[in-house]
Structures are given as C-alpha cells and as structure tokens.
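Trainee: Turn these sequences into a full structure, and let the hints guide you.
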Amino acid sequence: MKLVRYGNPGKEKPGLVDADGRIRDLSGVVPDIGPAQLGAAGMAKLRKVNPAKLPLVRGTPRFGCPVNGVGKFVAIGLNYADHAAESGVPIPKEPVVFMKATSCLQGPNDPVMLPKGSVKTDWEVELAIIIGTEARYVAQSKALGYVAGFAVCNDVSEREYQLERGPQWDKGKGCDTFGPVGPWLVTADEIANVQRLAMWLDVNGERRQTGNTKTMIFNVAKLVSYVSQFMTLKPGDIITTGTPPGVGLGMKPPQFLKKGDVMTLGIEGLGEQRQVVVPFKL
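Counting from 1, position 200 in the sequence shown corresponds to residue 199 in numbering that gives the first Met the number 0; the numbering is continuous, with no gaps.
Please keep in mind that the hints were generated in silico from the structure rather than gathered at the bench. Hints are supplied without guarantee of correctness; some may be wrong.
Claimed, not checked - Below, in silico cross-link-like pairs of lysine-lysine (DSS-like), each with a Cα-Cα straight-line distance of 25 Å or less:
| id | residue 1 | residue 2 |
| --- | --- | --- |
| 1 | 92 | 71 |
| 2 | 170 | 92 |
| 3 | 221 | 141 |
| 4 | 233 | 44 |
| 5 | 257 | 12 |
| 6 | 115 | 258 |
| 7 | 221 | 257 |
| 8 | 280 | 170 |
| 9 | 12 | 47 |
| 10 | 141 | 44 |
As the list claims (entries may be wrong) - Here are the in silico distance ranges between beta carbons for each label pair:
| id | residue 1 | residue 2 | range |
| --- | --- | --- | --- |
| 11 | 110 | 252 | 22 to 28 Å |
| 12 | 275 | 9 | 19 to 25 Å |
| 13 | 98 | 39 | 23 to 29 Å |
| 14 | 195 | 144 | 17 to 23 Å |
| 15 | 228 | 250 | 34 to 40 Å |
For each residue, glycine too, the CB sits at the ideal point set by N, CA and C.
Mentor: Dropping the structure here:
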C-alpha cells in the first residue's frame, strides 16, 4: 500500500494511492495515519480495504508528512562511503546517530525556509524508515519485521550550524522545514529489496546526487537493530538513513541553497518531492 495524508497543514486526512495512482479517502476507515495504524493490527485492517470502494479525492491536494504523531526523528550520518569521502572523514566504524527535531517535519512539496542568517543550507536525499512495531534490543536478523514502510526524505542541513558552531550536529539539522517526508509511506511488503533502490536529487534542474541504497555502509536491518540498542523505537518513529555523494558541501567550490532555488528528488518505488527555497520568515 501507498499511504498518504493530504490536505491543508494541520488538517490532513488519511488516504491511499490506488493502482491507477489516484488518491482514495481513508477517513471513513481510520482517523489518521499514525502509530495506531502502523502496527500489525492496524495494517491488517487497512489491507482488507477495497480501494475501489473508497471515495475518490478530486484535484491535486497538498501532501503532508505521511505519518502523524511522530515521536522521534532519528538520523544517520555518513552512511555512504563515497559521501564520507567527499566530506573528508573516515568511514565510520559504527553508525553516526543524531536527532532531527520533529518540528521540522513537513510535506514533501512544502517550501524549505532558509534559517535566519543562513548561507550554508544544503540538500540530502535519503531513504526514511518508518517503524511499525515497538523495537528494543532487536536482533539484526529480525529487524525488518519491525518496519511499517519506507519514504523519501530530504535531510536539509545548515552546514555552518552543524559543523562550525560546536560538536553537536542537531542544531544544523532541525530547523523549521528541514524535514520533508513523503509523498507517501510505501509499506514494507511492496519493496522487494530495500537495498537496491536508485535515488537522485536535482537543484534547478541540474543533477546533484545520484546513488543507490546498495552502497550504504550500514543497511536498513543493521540500523534498526543498532538504534534500538540505545533507545526504544515506537510505532511512527522515523529513521532517515544517510545520503549518497553530491551534497553542496562536497562540491568544489561548495555550493549552497539560495532563495528561489528548486530541489526535486526521488527514490525508486517511493515517489518524488519538489521544494522551493524561500527566505526566513517568522
């Protein structure tokens, strides 16, 4: 299934995308797409639904983040060997874990706002994992069973805040609008091999990132298992898993986002995003 949340910010309704790519309204079946719907019982209920019998959503509504009630937005850094190389750092021996503020979550096509005074805002196409079952000290061999699905994420980053203003990455990762996720959550059963997905990102129509999840240093199962050793993962939690090479910081000379730039990005089987960069506004 492809599960969506559509409508104006704060008023999104649950939906699914049918086999013809049309949005069907799920609000008569479930109140939202959130933790209660992502577990085994919730998913079983949704799988029994006949999409053809659901109301068709007309027009082209805005997509919100496909999951509501996200408790934790966990991120993994330097998880592609070639991205680590362009960043000038050694390949990590263990996953680099940091947090993105849940307040930065937004829809996949909502504008990205430059933080006040920012001159080093950057792009990062990433695969996002959405947890479906509570996970604590999970074995790697069983970790994929705790995953509800996957989505596209743009791990937008302010590099000065991240790298030049102390050792903690979080302050450069959680600014408002820095977490576009979607357009939809694709349930895990629809992805034959999550470690064989092509991914890309363009800025103003020019290719910046080209990659594939097969080049991850730590794969999805390893990441779910690893993170669950340090914190309990709850249904609805998101883990965004690192980016391939081609970020602005790694260009020679570095290039960063400015007002009016347009980012388009996508992952095979998971859909595409588009964001216009806008100036800071309270």
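Trainee: With reference to the structure, classify each hint as holding or not holding.
Mentor: Outcome of the hint check:
{"no.": "1", "hint": "92 to 71", "in the structure": "holds (24 Å)"}
{"no.": "2", "hint": "170 to 92", "in the structure": "holds (24 Å)"}
{"no.": "3", "hint": "221 to 141", "in the structure": "holds (10 Å)"}
{"no.": "4", "hint": "233 to 44", "in the structure": "holds (20 Å)"}
{"no.": "5", "hint": "257 to 12", "in the structure": "violated (32 Å)"}
{"no.": "6", "hint": "115 to 258", "in the structure": "holds (12 Å)"}
{"no.": "7", "hint": "221 to 257", "in the structure": "violated (36 Å)"}
{"no.": "8", "hint": "280 to 170", "in the structure": "holds (18 Å)"}
{"no.": "9", "hint": "12 to 47", "in the structure": "holds (19 Å)"}
{"no.": "10", "hint": "141 to 44", "in the structure": "holds (23 Å)"}
{"no.": "11", "hint": "110 to 252: 22 to 28 Å", "in the structure": "holds (26 Å)"}
{"no.": "12", "hint": "275 to 9: 19 to 25 Å", "in the structure": "holds (20 Å)"}
{"no.": "13", "hint": "98 to 39: 23 to 29 Å", "in the structure": "holds (27 Å)"}
{"no.": "14", "hint": "195 to 144: 17 to 23 Å", "in the structure": "holds (19 Å)"}
{"no.": "15", "hint": "228 to 250: 34 to 40 Å", "in the structure": "holds (35 Å)"}
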